[in-house]
Amino acid sequence: MSLQSSTGPAHARILSVGAFRPERVVTNEEICTYIESTDEWIRQRTGIEERRWADAGTSVVDMAEAASKEALERAGLAPTDVDAVILATVSHPYQTPAAAAILTDRLGATPAAAWDVSAGCAGFCHALAQASDLVRGGTARNVLVVGAEKLTDFTDITDRSTAFLFADGAGAVVVGPSETPGIGPTVWGSDGAQWEAIKNKQSWTEVRDAQAAGGEAVWPALVQEGRSVFRWAVWQMAPVAQKAIDASGVAVEELSAFIPHQANMRIIDAMVKQLGLPETVPVARDIAQMGNTSAASVPLAMHRMLAEGQAPSGGLALLIGYGAGLSYASQVVVLP
Amino acid sequence: MAQSEQEILAGVAELVNEETGLPVESVEMDKSFTDDLDIDSLSMTSIVVQAEDKFSVTIPDEDTKNLKTVRDVVNYIQQAQG
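Chains W and F, in that order, are what the protein sequence lines are. Quick note on numbering: numbering that gives the first Met the number 0 labels position 130 of the first sequence as 129, and the sequence is numbered without any gaps. Quick note on numbering: numbering that gives the first Met the number 0 labels position 31 of the second sequence as 30, and the sequence is numbered without any gaps.
So here's chain W without its partners, still in its complex pose (with noise of 0.2 Å):
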């Protein structure tokens, strides 16, 4: 008797993506009524000029079933065709069950395989390694792979430093098998040591403990140390990125797109001087309308690249996420 093992076609693609913006346009100008602050300094800080927050009645999944139906749809695929759903987020109010198990049900993908990846803002990138070796493995076939935040459910709105910068909104790709490659190696890692860099304010235990003494709750709203995120984000995933554009064998003239994770856009200017892009390349600057919408930020932004022409079909794209962990994912992938 000998073991079998599944084996899957040589390469996975990106065959679809599709995204959910909330409707509610939040300007800065509201923003200056919760902070004190103005739209020129927020503007100056981080390039956003205003995003979208869900109201109270939408909820992480619901804005994960609404982009994964267009991408299911763009991808002409059923419900029923997809065997494994991975879905990234940090901001999914339940520990347990995985956001993902619930949106296969509303999907009508039952029982396709579902779990969810917590790695912050990086949540979608690696979600993506994930799926494409899960392809190319045998174990799944098309693989629906989700970003989804309501990141104001974690957001102190009185926070200086946080308040302008999280929004919501969700973005979502299948991946499945391909003649050619589709998605390039994954070039990753974390760095632990700066956990607190971003974090939630205390942890579920200590919201317990507190309320259990009679003291006041602190709600776990998410803090980041940003002068530590910037020097991070932009001295260390420049050469992250560098390093997935080597692995992928491709040449940087011949990319059609950058898509970082849509942290803050001084964040974003100061990584494309790092990396030597040649200003040939179009660069995703989706936070000025959406804000940092954390693991959703990736497919949102390659959504709309697509959806307004600024990168083609067929064209390369660079991908990065990076954020709480420290955790990072980068990887060039051709655009759907």
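By construction, these hints were calculated from the structure, which means they are not laboratory data. Check the hints yourself; a few may be wrong.
Below, a list of computed lysine to any residue pairs in the SDA-like style, where the Cα atoms sit at most 25 Å apart [claimed, not checked]:
1) Lys272(W) - Glu4(F)
2) Lys272(W) - Glu18(F)
3) Lys53(F) - Gln273(W)
4) Lys200(W) - Lys53(F)
5) Lys200(W) - Pro59(F)
6) Lys200(W) - Glu61(F)
7) Lys64(F) - Glu224(W)
8) Lys30(F) - Gly20(F)
9) Lys272(W) - Ser3(F)
10) Lys64(F) - Trp194(W)
11) Lys242(W) - Asp52(F)
12) Lys272(W) - Gln49(F)
13) Lys64(F) - Ala211(W)
14) Lys198(W) - Lys30(F)
15) Lys200(W) - Lys64(F)
16) Lys64(F) - Lys242(W)
17) Lys53(F) - Arg42(W)
18) Lys53(F) - Arg265(W)
19) Lys198(W) - Ser40(F)
Treat the numbers as computed from the prediction; the structure is a model and nothing was measured.
Given chain W, work out where chain F should sit, using these hints.
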């Protein structure tokens, strides 16, 4: 090799100029980065990271917060090179 105060000042002024476009001669020892030169924390971080390269020193973020004036930076680099 330790550099003179004037050499370090000239080097810092160049970095400030590259980051912000401010003329090098406006970068004087007693100028405050935030109040006089209007440099925010992210630009300051860029300048500090590039200063680390240029002067072969290490300037951690917790120390960067205390560097208020051009003189603070020049003295810090000089001591670190010591």
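Verification of the hints:
Among the hinted pairs, Lys272(W) with Glu4(F) is inconsistent with the structure: their alpha-carbon atoms are about 30 Å apart, more than 25 Å. Restraint check for Lys272(W) and Glu18(F): satisfied, since their Cα atoms lie roughly 12 Å apart, inside the 25 Å limit. With a C-alpha separation of about 16 Å, the suggested pairing of Lys53(F) with Gln273(W) holds against the 25 Å cut-off. Among the hinted pairs, Lys200(W) with Lys53(F) is inconsistent with the structure: their alpha-carbon atoms are about 36 Å apart, more than 25 Å.
For the hint pairing Lys200(W) with Pro59(F), the CA-to-CA distance comes to about 23 Å; that is within 25 Å, so the pair holds. Distance restraint check for Lys200(W) and Glu61(F): the Cα-Cα separation of roughly 20 Å lies within the 25 Å cut-off, and the hinted pair is therefore satisfied. Using a Cα cut-off of 25 Å, the hinted pair Lys64(F) and Glu224(W) holds, with the two alpha carbons roughly 12 Å apart. Restraint check for Lys30(F) and Gly20(F): satisfied, since their Cα atoms lie roughly 16 Å apart, inside the 25 Å limit.
With a C-alpha separation of about 30 Å, the suggested pair Lys272(W) and Ser3(F) falls outside the 25 Å cut-off, and the hint is violated. Under the criterion of a C-alpha separation no larger than 25 Å, the hint pairing Lys64(F) with Trp194(W) is consistent with the structure, at around 20 Å. For the hint linking Lys242(W) to Asp52(F), the alpha-carbon distance of about 21 Å falls within 25 Å, and the restraint holds. The straight-line distance between the Cα atoms of Lys272(W) and Gln49(F) is roughly 13 Å, inside the 25 Å bound, and the hint therefore holds.
As the CA atoms of Lys64(F) and Ala211(W) are separated by approximately 37 Å, the hinted pair breaks the 25 Å bound. Between Lys198(W) and Lys30(F), the direct Cα distance comes to roughly 35 Å. Violation of the 25 Å bound is thereby established for this hinted pair. A threshold of 25 Å between alpha carbons decides the hint, and for Lys200(W) with Lys64(F) the separation of about 22 Å falls inside it, so the pair holds. Using a Cα cut-off of 25 Å, the hinted pair Lys64(F) and Lys242(W) is violated, with the two alpha carbons roughly 32 Å apart.
For a cut-off of 25 Å, the pair hint linking Lys53(F) to Arg42(W) is broken: about 30 Å separates their Cα positions. For the hint linking Lys53(F) to Arg265(W), the alpha-carbon distance of about 22 Å falls within 25 Å, and the restraint holds. In summary, the hint linking Lys198(W) to Ser40(F) is supported, as the alpha carbons are separated by about 20 Å, within the 25 Å threshold.
When held up to the earlier numbered hints, the structure conflicts with 1, 4, 9, 13, 14, 16 and 17 and fits the remainder.
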